[in-house]
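Participant: Those sequence lines, one after another, are chains A and B.
For the first sequence, position 455 (counting from the first letter as 1) is numbered 455 according to my numbering, and the numbering increases by one without interruption.
For the second sequence, position 203 (counting from the first letter as 1) is numbered 1203 according to my numbering, and the numbering increases by one without interruption.
Rather than coming from a laboratory, the hints here were simulated on the basis of the structure.
Note that the coordinates shown come from a computational prediction; the quantities given were computed from them, not determined experimentally.
Mixed in with the good hints there might be a few duds.
Here are a few chain A residues that sit away from chain B, every Cβ distance over 12 angstroms (derived from the structure) [unchecked claim]:
(1) 21
(2) 70
(3) 97
(4) 198
(5) 213
(6) 258
(7) 262
(8) 345
(9) 367
(10) 487
Output of the computed footprint for chain B on chain A, the stretches with three or more beta carbons under 8 angstroms from beta carbons of chain B [said to hold, decoys possible]:
(11) 237-247
(12) 287-295
Quick reminder that beta carbons are idealized off the backbone N, C-alpha and C, glycines included.
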Amino acid sequence: MSSELTRLTAAALAARIAAGETSAVEAAEAHLARIEAVDEKVHAFLHVDREGALAQAREVDARRAAGEELGPLAGVPLALKDIFTTKGVPTTCGSRILEGWLPPYDATVTRKLRAAGIVVLGKSNMDEFAMGSSTENSAYGPTGNPWDLTRIPGGSGGGSAAALASFQAPLAIGTDTGGSIRQPAAVTGTVGVKPTYGGVSRYGMIAFSSSLDQGGPCARTVLDTALLHEAIAGHDPLDSTSIDAPVPPVVEAARNGSVAGLRVGVVKQLSGEGYQDGVMQRFGEAVELLRELGAEVTEVDCPSFTKALAAYYLIAPSECSSNLARFDGLRYGLRTGDDGSRSAEEVTSLTRAAGFGAEVKRRIMLGTYALSSGYYDAYYGSAQKVRTLISRDFEAAFGRVDVLVSPTAPTTAFPIGERVDDPVAMYLADLCTIPANLAGNAAMSLPCGLAPEDGLPVGLQIIAPAMADDRLYRVGAAVEAAFQARWGHPILEEAPAL
Amino acid sequence: MTVTELVSFEDALASYDPVMGLEVHVELGTKTKMFCGCATVVGADANTQTCPVCLGLPGALPVVNATGVESAVRIGLALNCTIADWCRFARKNYFYPDMPKNFQTSQYDEPIAFQGYLDVELEDGEVFRVEIERAHMEEDTGKSTHIGGATGRIHGASHSLLDYNRAGIPLIEIVTKPITGAGARAPEVARAYVSELRELIRALGVSEARMERGQMRCDVNLSLRPHGTETFGTRSETKNVNSLRSVERAVRSEIQRHAMVLAAGEKIVQETRHFYEDTGTTTPGRRKEEAEDYRYFPEPDLVPVAPAREWVEKLRGNLPELPRVRRGRLREEWGISAHEMQSVLNAGALDPVTATIGAGAEPAAARKWWMGELARRANEQGVELAELPITPDQVARVAALVAEGALNDKLARQVIEGVLAGEGGPDEVVERRGLKIVSDEGALGAAVDEAIAANPAVAEKIRGGKVAAAGALVGAVMKATRGQADAARARQLILERLGVSG
């Protein structure tokens, strides 16, 4: 019974809880037991908040018993990326520098989850400060891909994706600055959405690159993702960049999947050299499927996309060099070398040396350099121009098609350790996902099969214009239904038992 | 270092033209901080007016204070600036413990107001136009208190205490264009500019602009160039010059120091300077080579500020009468000279005098009390006139009592003393202290009779025609009535009693 609960979709589990067939506490206990059983191997969680989760589940059950009207996901457990502040619950952002910090406040997303009765099981692992594509940059050790524990689960939100794929949680929250929701979804056979920039509040989401960071929903099905999307989205007066407009009708779209008559553009620039054969094969089949389902497919030229990665690696480090300046060891988190003899400057310097990992330091240095007087125009300034060009490419494309598609990542999950000494190879994992961040568009990754050569999941990326997040779900639901009809079961059924 | 001769101010001006640039920070008096809802009450316990945003906690985000933007626009309009159609905040990156995020949210190349001017009036009534480069919005830092050092400076301190109550309080930084052509009047122009700006800020009601409380702080940039040359010399930047007098002295002292260095054939070092109130001189601070690269870039956590034109015009239409205009009008109404008006201003008496007149006093009387007795007492206590515990209404009542003959000046001063001592309003003090002029004929007549009886020799002289001797008897009457007698009436009675006519 309890192991069965962990295999359910969030929608099905919520329905059972709503019908009184099971309780929120039972659902939480089943998932906590699953975590207990498998997370030693997977390492999806940095912190499991057993007591907090059970207390929250009890509250949901009590409210339901009292006849209260609860949200559509009430009582369903979730893995929360450790980048969101949780009042009184450790929040490290995958970094030593925040070890031991107990935030005095909840992020808006955290608050909305609680208000929806969604039970937060714990904080999921991630690349330090969301910088990475493999979760190997976590200061607390890597996460294994449930499809093959010797491989990476993607990053930075590898913990969230792995928790879903290993049935430790039916829902998870990620953040996507350059692909940190979509690429992990792709390599773990799960679904992830980067909402339109400004669609989900960033308040309480520890900043990496403010103009790119976007929190979003992750799940094992398109409908579950939509339900979670609706629960966390919406205007927040505490985030000036949050969009003051109604949330696009994502749940309705997910319940009414269809691509008939839809104009789909295949991005010419997101294919070719460096793309794994099996990835291109499955992607080609997905495009064929769209055609069969009635979509009108054309190729779309986005010439500036070839410069996206370079622009991203100037803008994101620039903003991060400023965002991470606050970690100085003076007010919270780690403090190193404060023996009474050293100045504040020396203690700050020692703390940052000890508290930040190599990738974080690399990006702080890159960004500091790019913003320096005399280099600003050549680096940060040029990158902003490229960003504008990419937005124009999108605008032109969306003048002709309704959505764009591409592979989510050029390859399937690579072995842990393979790219740690080659930052550029690591950066290439985000080649396909970065353009949507630079332009602020909405994008989804969902499974489109297993690569024949390694049997690992391949992701299909769908990109929609800003504030047309519902299109992702309409297309995603249709694709998901057609693939599952073809496969006879959800893709995760093919993942090995842990 | 070469031994150099001190150059007199006059000698310095004989060879060089001073060029000044003034940067003034004004702390706005908004109820909440620039980017969060924390209170801005002065004097609260350390770190009690803070939240995740102004403490720069991980994940926290700023939200712009609409009143702060409105104040910035109004200041810009009052300074005859163009108001930007669209502008952004920028991050100024540098590490300092009293700055929680280790960057200051400010504005860089897109200020909200730019290209304006402020006309300032010098002592002799001459008007000098100071061109304004820009006015921009930013946030204040927290406050560091260094413990264990001898001087309160960080050098030699064992530890520091940090109070973030001030962190995030809105500031408007107002920067002038280089001020040229002031010549020997440069120190006076600097002072007059800061003074005029302070009046303007107060008139707008956006800040109390109390320099002694750090609500208005001035940095003085100064360089010299030989007469007849166009190129500016190397400048020094004297930080935190925080009184009108200090602004004047800092300019003067830097002119002399620059001239001394240049006269010795040496070069001015581009650096910041600390100003010392006690000596009126400066010492070196941070050198340009050590200066930080602030790596400004547009603040991605805030959306651009785009003041709607109609709104800006509405604000322009609702600007209060500006100080210089108001002063001109009042000067005319009061019928006083420019010089007299200047004295009123210097004493900080403009508002109290105006309010006192508003409460019914004659302009001359209002001016007389505030500029005389009250200025003296404020000076004794080292407070501003407006801080004295007496209201313009009360001063107007004192003036009215004098005008109707119920008090003479001497008694009026006692009434004021009583009000300041907290004994109540003027009428209460008169009542409690029994300070009415004794013009009651019975009481006064008795006092006159006593004085004559007690001074028979003087009385005899007066009877003999020495009318001038009556003064001695008047003095005796005043003494006996403890100053409450109407002296003129007493003299009249004495002469009547002694059978002589005045």
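Participant: Confirm or reject each hint.
Facilitator: These are the hints, each one checked on the structure:
| no. | hint | result |
| --- | --- | --- |
| 1 | 21 | 38 angstroms, holds |
| 2 | 70 | 27 angstroms, holds |
| 3 | 97 | 10 angstroms, violated |
| 4 | 198 | 9 angstroms, violated |
| 5 | 213 | 9 angstroms, violated |
| 6 | 258 | 35 angstroms, holds |
| 7 | 262 | 33 angstroms, holds |
| 8 | 345 | 7 angstroms, violated |
| 9 | 367 | 9 angstroms, violated |
| 10 | 487 | 40 angstroms, holds |
| 11 | 237-247 | holds (count 5) |
| 12 | 287-295 | violated (count 0) |
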